[in-house]
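Starting from the known structure of chain X, arrange chain A on it as the hints suggest.
2 protein chains.
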Amino acid sequence: MSNASPGWAEFWECLFSPGSVALIGASDVPGSWGFNIMQRLVQSGSKRTYPVNPSHPFIRGTTAFRSVLDIQDTVDLAVIAVPAQRVPGVMQECVNKGIKAAVVISGGFAEVDDEGKALERRVVEIARQGGLRFVGPNTMGHVNTHAGFTILGFMGKVSPGPVGFAAQSGNMGSRIMQMVMNQGVGFSKFVCTGNEATVRLEDYLEYFSQDEDTEAIALYIEGLREAKRFLRLAKMTTLRKPVVVMKSGSTRGAMQAARSHTGALAGSDAVYEAAFRQAGVIRASTEEEMADTLAALIKQPLPRGRRVAILTMGGGFGVVSAEACEREGLEIAELSESTISKLDSMLPSRWPHGNPVDLAGMDTMGEVIVINCLSALIEDEGVDSVLSLVALHRYQPLRPGASQLSDKGNTDARAESLKTLGEKARQLGKPVLSVGALPPPPGERSAAEVPWDSFSIYPSPQRAARVLHQLLWYRRYLESVRDC
Amino acid sequence: MSNASPGWAEFWECLFSPGSVALIGASDVPGSWGFNIMQRLVQSGSKRTYPVNPSHPFIRGTTAFRSVLDIQDTVDLAVIAVPAQRVPGVMQECVNKGIKAAVVISGGFAEVDDEGKALERRVVEIARQGGLRFVGPNTMGHVNTHAGFTILGFMGKVSPGPVGFAAQSGNMGSRIMQMVMNQGVGFSKFVCTGNEATVRLEDYLEYFSQDEDTEAIALYIEGLREAKRFLRLAKMTTLRKPVVVMKSGSTRGAMQAARSHTGALAGSDAVYEAAFRQAGVIRASTEEEMADTLAALIKQPLPRGRRVAILTMGGGFGVVSAEACEREGLEIAELSESTISKLDSMLPSRWPHGNPVDLAGMDTMGEVIVINCLSALIEDEGVDSVLSLVALHRYQPLRPGASQLSDKGNTDARAESLKTLGEKARQLGKPVLSVGALPPPPGERSAAEVPWDSFSIYPSPQRAARVLHQLLWYRRYLESVRDC
Numbered sequence: 001m002s003n004a005s006p007g008w009a010e011f012w013e014c015l016f017s018p019g020s021v022a023l024i025g026a027s028d029v030p031g032s033w034g035f036n037i038m039q040r041l042v043q044s045g046s047k048r049t050y051p052v053n054p055s056h057p058f059i060r061g062t063t064a065f066r067s068v069l070d071i072q073d074t075v076d077l078a079v080i081a082v083p084a085q086r087v088p089g090v091m092q093e094c095v096n097k098g099i100k101a102a103v104v105i106s107g108g109f110a111e112v113d114d115e116g117k118a119l120e121r122r123v124v125e126i127a128r129q130g131g132l133r134f135v136g137p138n139t140m141g142h143v144n145t146h147a148g149f150t151i152l153g154f155m156g157k158v159s160p161g162p163v164g165f166a167a168q169s170g171n172m173g174s175r176i177m178q179m180v181m182n183q184g185v186g187f188s189k190f191v192c193t194g195n196e197a198t199v200r201l202e203d204y205l206e207y208f209s210q211d212e213d214t215e216a217i218a219l220y221i222e223g224l225r226e227a228k229r230f231l232r233l234a235k236m237t238t239l240r241k242p243v244v245v246m247k248s249g250s251t252r253g254a255m256q257a258a259r260s261h262t263g264a265l266a267g268s269d270a271v272y273e274a275a276f277r278q279a280g281v282i283r284a285s286t287e288e289e290m291a292d293t294l295a296a297l298i299k300q301p302l303p304r305g306r307r308v309a310i311l312t313m314g315g316g317f318g319v320v321s322a323e324a325c326e327r328e329g330l331e332i333a334e335l336s337e338s339t340i341s342k343l344d345s346m347l348p349s350r351w352p353h354g355n356p357v358d359l360a361g362m363d364t365m366g367e368v369i370v371i372n373c374l375s376a377l378i379e380d381e382g383v384d385s386v387l388s389l390v391a392l393h394r395y396q397p398l399r400p401g402a403s404q405l406s407d408k409g410n411t412d413a414r415a416e417s418l419k420t421l422g423e424k425a426r427q428l429g430k431p432v433l434s435v436g437a438l439p440p441p442p443g444e445r446s447a448a449e450v451p452w453d454s455f456s457i458y459p460s461p462q463r464a465a466r467v468l469h470q471l472l473w474y475r476r477y478l479e480s481v482r483d484c
Numbered sequence: 001m002s003n004a005s006p007g008w009a010e011f012w013e014c015l016f017s018p019g020s021v022a023l024i025g026a027s028d029v030p031g032s033w034g035f036n037i038m039q040r041l042v043q044s045g046s047k048r049t050y051p052v053n054p055s056h057p058f059i060r061g062t063t064a065f066r067s068v069l070d071i072q073d074t075v076d077l078a079v080i081a082v083p084a085q086r087v088p089g090v091m092q093e094c095v096n097k098g099i100k101a102a103v104v105i106s107g108g109f110a111e112v113d114d115e116g117k118a119l120e121r122r123v124v125e126i127a128r129q130g131g132l133r134f135v136g137p138n139t140m141g142h143v144n145t146h147a148g149f150t151i152l153g154f155m156g157k158v159s160p161g162p163v164g165f166a167a168q169s170g171n172m173g174s175r176i177m178q179m180v181m182n183q184g185v186g187f188s189k190f191v192c193t194g195n196e197a198t199v200r201l202e203d204y205l206e207y208f209s210q211d212e213d214t215e216a217i218a219l220y221i222e223g224l225r226e227a228k229r230f231l232r233l234a235k236m237t238t239l240r241k242p243v244v245v246m247k248s249g250s251t252r253g254a255m256q257a258a259r260s261h262t263g264a265l266a267g268s269d270a271v272y273e274a275a276f277r278q279a280g281v282i283r284a285s286t287e288e289e290m291a292d293t294l295a296a297l298i299k300q301p302l303p304r305g306r307r308v309a310i311l312t313m314g315g316g317f318g319v320v321s322a323e324a325c326e327r328e329g330l331e332i333a334e335l336s337e338s339t340i341s342k343l344d345s346m347l348p349s350r351w352p353h354g355n356p357v358d359l360a361g362m363d364t365m366g367e368v369i370v371i372n373c374l375s376a377l378i379e380d381e382g383v384d385s386v387l388s389l390v391a392l393h394r395y396q397p398l399r400p401g402a403s404q405l406s407d408k409g410n411t412d413a414r415a416e417s418l419k420t421l422g423e424k425a426r427q428l429g430k431p432v433l434s435v436g437a438l439p440p441p442p443g444e445r446s447a448a449e450v451p452w453d454s455f456s457i458y459p460s461p462q463r464a465a466r467v468l469h470q471l472l473w474y475r476r477y478l479e480s481v482r483d484c
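Top line first, the protein sequences correspond to chains X and A. Each residue of the first sequence is one higher than the last, beginning at 1 in this note's numbering. Each residue of the second sequence is one higher than the last, beginning at 1 in this note's numbering.
Check each hint, because a few of them may be wrong.
[Stated by the list, open to error] The list that follows gives simulated cross-link-like pairs (lysine to any residue, SDA-like), each with its CA atoms no further than 25 Å apart:
| id | chain 1 | residue 1 | chain 2 | residue 2 |
| --- | --- | --- | --- | --- |
| 1 | A | K157 | X | M313 |
| 2 | A | K117 | X | R350 |
| 3 | X | K342 | A | S260 |
[Stated by the list, open to error] Not everything, but these chain A residues come out facing chain X in the computed CB check (under 10 Å):
| id | residue |
| --- | --- |
| 4 | N138 |
| 5 | M140 |
| 6 | Q168 |
| 7 | G170 |
| 8 | M246 |
| 9 | T312 |
| 10 | N355 |
| 11 | S460 |
No lab work stands behind these hints, which were simulated from the structure alone. Heads up, the beta-carbon is just placed ideally off N, CA and C, and yes, glycines get one too.
The following block holds chain X by itself, in its conformation from the complex (with noise of 0.2 Å):
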């Protein structure tokens, strides 16, 4: 594995961790990459950071170096945010000063045309030479949540979680990463590829594979250069970690777009597919699926089954749930006699008794029976998950003389009944998607309001049921590659 290499363990560690970082083509231009980026330095907090600019003395007001190799300190990391005609230049002067890692920001090269194509290799071959490695060019940067360290220039605070992300796109990566984020889950490290001149996403996989900060792997894939290392590598990864792909520019629009965006060849869709099928990867087909498969995945068991319970507020919203579940591959459970005896003592006589469990009448009911019915049908050894059309962070009970749960005391039941139920249905190995408006970011939210991390919240059944899609079909492929 090119990770047991000579070099990389130092580049990882340089990469993720600097601790001293050099921004070429640092700028106090507002809206600029030298600007940004030397912003996000400032932010994090690295006490050794050394901005570059051959033309002016002071970039925020300490001094700037004309050149790495003016620095007396050592560099971990040298970030070049300069044209791309000045970059063999500027790489061949942290080649000498001895730098091991960089990230070219700069684009203009394989993606744009031949001449730009000539460009990157010379830096390759300058980079080579010196045993450097270096992200992009044509990237946007990276982050580890857990050092504390961001060059991300477009993108504001990531949240620290157990997610590790590559992406062959900055604005993909930064859409997915706030999709993920406002669904209560952070990252371990993301990284933005670029033209993944000398580290290639298969190198990003077999890193993330081995990083103990990250419990799940997500990638954004135009194009793969090392095919078959990355189904080797996913084909182990996934045994112990899901990994999720979005794999976009297939057709022939957006397979020229790609081209002229990364330089990267789309290849067949087909082809992909089948091949990640076969390596347990979870493939997304859109952002907010993505988004939507890795915060289940964080929160949520994995189903032993196709069966679904759904509790719903209205019919038509039941009628319009079953459906998803089913288009989805999945089952509306049967109740057991002994579920449809415990709902029949806490519903009124008309409800359907049946699945979808109906609480038309829940106006005029407590929060208390909501939680009662979710516990009745997580208990039915039948049931393999279950679907709450009632959103469980939303809900305020109705019933007259039932304000005073809203009080402090009562929230904090409240609460405290839900992370029961929570815990209860992960015990039994059965997870509780919740569909509803998502709660608001969590600097805006009450701590005892919601416990958030027992459950998944989805605006429709129809991503409801295709989350509960995705980890069923990952249940399997873990069972079918075990019994072999």
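For chain A alone, coordinates are given in the frame of chain X:
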């Protein structure tokens, strides 16, 4: 047509624009139907509202009547919200009072069991003999925004607008209405059809087809009771007004759920699908798609062909969007030389010179360039529609020194230039869809900020591409029919 038969015109008038309303089952118990509906009637400022309740002499502080028969005034509309067993008696009194239109909110009829079916037949028989038609039973009510009339107990304000909507589910109806309103589009009328004992979905379609306040028709369907009549009506209607349908309940478990929801028989999905296509009915597969499509039908012209131009802020997002379009049967337009040279004069030399048009260097450019680029794309004769991945209403110029654009005068100028762009697109018959987060609801929006009427904004390129597919399909349908 049934609407021409005796009594229908009077029924519709009494249903949607009643001069006087009796609410039988009016209640002071918060959360009950009788309470919520009373609330709406009072809020909607209906001067002649008569609460009826045999056991409470006062409701909301005003005199309640023991029976409709005790009301001295004529009653245009009776709204019935009493337990199912009491409905036959109440209905008889309505008939005796000479009432011609009613809404039976109460559930517990054909959707429950054979006994319920028999009860429903009795109610229908009583009504029929008295020449009374009624919505429901088992309905959540209706609204006529243009008359300021609503008995939708479960939902706040419905915005007025051009969409007429009949739904075989109250909660799906409210979900879809909310989504359409979030897109800045409102409703002429909405009705939850319930069990359709005397007034069927086909009747509402026929009514909307002739209603002058209704420019587009939305239908949420679980099962049709008069499929042939539906298709005949739809075929005539779609020549003048678009009809968008969400049809659910076709898979096994969903079919069963639909039966216990409104007693509807869902039937084979393939048969419905073929019939809809033949009648020019646009079918949406999710609530989101239904709302997206309706909003675009109101705001956008129908595209003449498949060729889409894409404006993007980053390569990856362009690739994903191109793929989304192609998967929906659209084509990535080949830009004319004249367009390329117009763009050349505005963009840095390294832009990819193709479609998607990638403004990768966006952060060094002003907003004027975005509008000018879009304008160039709209003018290209080889372009049928434009997809902007720059969210027009949200976009803030990032260029150094451009911050003065955010002051009042420049905000107006910005709105003005967006408006001009929208008008040009409409004149040339080209839809312009934008991808981004939706703007805040109407009340919270600054008037000058967005010429919201001209633009359709969707949260993902996949959803925008799907809308373009639907608009194009409808245009092709209309062309094929008119050619005959």
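Against the structure, the hints come out as follows:
In summary, the hint linking A/K157 to X/M313 is supported, as the alpha carbons are separated by about 21 Å, within the 25 Å threshold. As the CA atoms of A/K117 and X/R350 are separated by approximately 14 Å, the hinted pair is consistent with the 25 Å bound. Taking the CA atoms of X/K342 and A/S260, the gap is about 20 Å. The hint holds against a cut of 25 Å. Taken as an interface hint, A/N138 checks out: its beta carbon lies about 9 Å from the nearest beta carbon of chain X, inside 10 Å.
Using the Cβ-Cβ criterion of 10 Å, the hint placing A/M140 at the interface with chain X is satisfied: the shortest such distance is roughly 8 Å. Nearest Cβ of chain X to the Cβ of A/Q168: about 7 Å, under the 10 Å cut. The hint holds. Taking 10 Å as the C-beta contact cut-off toward chain X, the hint placing A/G170 at the interface holds, the least distance being around 6 Å. Using the Cβ-Cβ criterion of 10 Å, the hint placing A/M246 at the interface with chain X is satisfied: the shortest such distance is roughly 8 Å.
With its C-beta approaching chain X no nearer than about 8 Å, A/T312 sits inside the 10 Å limit, and its interface hint holds. At about 7 Å, the closest approach between the beta carbon of A/N355 and any beta carbon in chain X falls short of 10 Å, and the interface hint on this residue holds. For A/S460, the shortest C-beta to C-beta distance to chain X is roughly 6 Å, which falls under 10 Å, so the interface hint holds.
No hint from the list above goes unmet by this structure.
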